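For the record, the sequence lines run as chains A and B.
In terms of the numbering used here, the first sequence opens at residue 1 and continues consecutively.
In terms of the numbering used here, the second sequence opens at residue 1001 and continues consecutively.
Please note that a few of the clues may not be correct.
[As the list claims (entries may be wrong)] Think about it this way: if two alpha-carbon atoms lie no more than 30 Å apart in a straight line, the pair counts; the simulated DSS-like pairs of lysine-lysine are: (1) B/K1129 to A/K319; (2) A/K396 to B/K1129; (3) B/K1204 to A/K319; (4) B/K1218 to B/K1204.
What the hints contain is simulated information worked out from the structure, not anything from laboratory work.
This structure is a prediction, so every number in the text was calculated from the model and none was measured.
Chain by chain, the residues run as shown.
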Amino acid sequence: MKRLAFRNARLIDPANGLDVRGGLLVENGRIADVGPRLFNDAEPRDPEVIDCRGLVLAPGLIDMRVLTGEPGSEHRETLESASKAAAAGGVTTMVVMPNTDPVIDEPALIDFIKRRADATATVHVLPMGALTKGLAGEVMTEIGMMMEAGAVAFGDGDRTIANTRVLRRALSYAATFGALVVGHAEDPELSLNASMTEGEFAMRLGIPAAPAMAETIIVERDIRLVEMTGVRYHFGQISCAASLEAVAAAKARGLPVTCGVSAHHLTLNELDVGPYLTFRKVKPPLRSEADREAMIEGVANGTIDVIVSSHDPQAADTKRLPFAEAAFGTVGLETLLSAALTLHHEHGIGLSRVLDTLTAAPARVLGVEAGTLKKGATADLVLLDPDEPFRIDPEKLHSRARNTPFEGRRFQGRAQKTFVAGACVFDRARP
Amino acid sequence: MTSPAPAAPILQTSHLLGIEGLSSFEITALLDLADSYVALSRGREKKTSILKGRTLINLFFEASTRTQSSFELAGKRLGADVMNMSVKSSSVSKGETLIDTATTLNAMRPDILIVRHQDSGAAELLSRKVDCCVVNAGDGSHEHPTQALLDALTIRRRGRSFEGLVVAICGDVLHSRVARSNIHLLSKMGARVRLIAPRTLLPKDVDRFGVEIFHDMKKGLAGADIVMMLRLQLERMAGAFIPSTREYFRFYGLDREKLGYAKKGALVMHPGPMNRGVEIDSAVADDIEVSVIHEQVEMGVAIRMAVLDALARGLPAEGRNA
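Just chain A, with the same shape it has in the complex (with noise of 0.2 Å):
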């Protein structure tokens, strides 16, 4: 039987409301017992014992937005390296998006993925499908043999599906399945061309720009199909105050929305494009100041459910061109629970509370079984040290791709060690 323990710990359990200092034992890779008197006084006879001398250990993060370049486009990511930058991160389970080359939008596709990963993957990689065929907003897929072969989540990747005679028949569907649906808010046409918000910076640099209502637009409209279909619908990602507004109340009314947030539009705003920084030009594009505080209101007050990397790799021939040219995206895996403890360092929202939105609040939106300490679940943890400080350096980012926002930006708080299912995956002392 193979043992691995844990003590003097600061256990965080978001599922569970547990904050106190204890141990854990991993028993064959799942959580055999855990608590504030276990192994405080005797050093367990176990070979591997942890002593976490009072950093943090939570359950391992997971990742509700992860593309990598696998199939289609290896240079950038495959599942492998994308797996790498997540134990670097902390995060131990990733949920890959369906927008690649081919698309993924039928069974055959979503074994391929789960194969894959099982391959080469040191984490645990979920895929989501497409909604629709090629993510052409067109015809929907086959969303109920897709669950069956493993699609946690449905969702046309960084599309809007316009037509709304086709999203409601797609949503009204995968309702009948039970099935998650994941949105991108934008709208196409209002955002035709764009490349930034619109307002005083992008006038400032001539850039093509939209306003931050074309996601709020879309919002309203998607809201009103979940309350036409019942469909379980999560916004991968919202990042303005006003989307914020509608998403609230629909919570408030009882639907079944959920939303995200990204760690990037939490960090930065629209100012930090700066002199066409073309690795924070994102999609959607980051917004004014107001709205990034009001985004890290909606965390603070459970509005906004998760936050996620939306991890979009990038070479640096889509990068190093005019901003209007280049491709939108940038790598955050590995930076995703550094930024997200900015919230905890500089605006006073609880560990317990950041954690929740990494761990516990993704695992619940999913419906799967992770994100936890509970006696009994598999042993996906993170052992962090939520203080250190330290500066972003991309060449020693683990992903593929060095297109990441924050270049020497200083953070505070990172993964020491990271587990899946009990292995160690992720060690800061041994990289």
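Dock chain B against the given chain A, drawing on the hints supplied.
Positioned in the frame of chain A, the structure of chain B alone reads:
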């Protein structure tokens, strides 16, 4: 006149990427220097040897007859060797990226790279990747600094002082780099800038530039000293911003009647090329009593000579072997 000005430094930076980064002192110094080049260009001997031995490359990703020839002539009058590269004849059409093209040209050791590109920020991007001077000859909807400088020179040589001058900029501000550069320059020099356009052709939050906004030509032109017309950039428009050119001319085209609202003796300017009968009536454009459009072209060469001269003063005198 072989040496029009002592070679004192004029610019703080080694590139001219926009007006936004210039001080009013730098602008005035450039205008002063350009004055001397107007005189030179009107003489029998139009050439000087200030840039003798220097290499200039005109890198134009967007077609432009007047700006490109203006820079070419300016370089040649200063004695530099000028090479023209336009998109059609380059490998850009074979898929090479902007940066690859620029670094390739940079390896040929030019002293000054003059860049025109359809994307905002392209000149800025290049300036970070090459070790020669970069002049922005127009980037997307961002800036066109030499146009604003030549407009200022034209205004100044007509005896107008910038302080308190009322300048009405009319038309497609949304897509216009000329408007942005002029707003920066005129504001820095103390002029009062007004923008006149339908709401669809004004960028959001443009009032943050500290300008007055008008949607009615009659009100906007009232008391204006300068009427600066912008070209309707139909090629940049994705979808319709106005219902028709006919309607546009009816409300925003400059004709004798609308010009009558401006101050008596107001000057009419246009960066060219003009869409006659769309934003400007030929009767106004060709009236030498009010239109300074051809003077603008003449000042264009002089101001570009001044800019090239000013940038060359920052180049290492001994070349790069030292």
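Okay, the hints, checked on the actual structure:
Taking the CA atoms of B/K1129 and A/K319, the gap is about 14 Å. The hint holds against a cut of 30 Å. Under the criterion of a C-alpha separation no larger than 30 Å, the hint pairing A/K396 with B/K1129 is consistent with the structure, at around 24 Å. Proposed proximity of B/K1204 and A/K319 is supported: the alpha carbons are some 27 Å apart, at most 30 Å. Proposed proximity of B/K1218 and B/K1204 is supported: the alpha carbons are some 23 Å apart, at most 30 Å.
The structure shown violates none of the earlier numbered hints.
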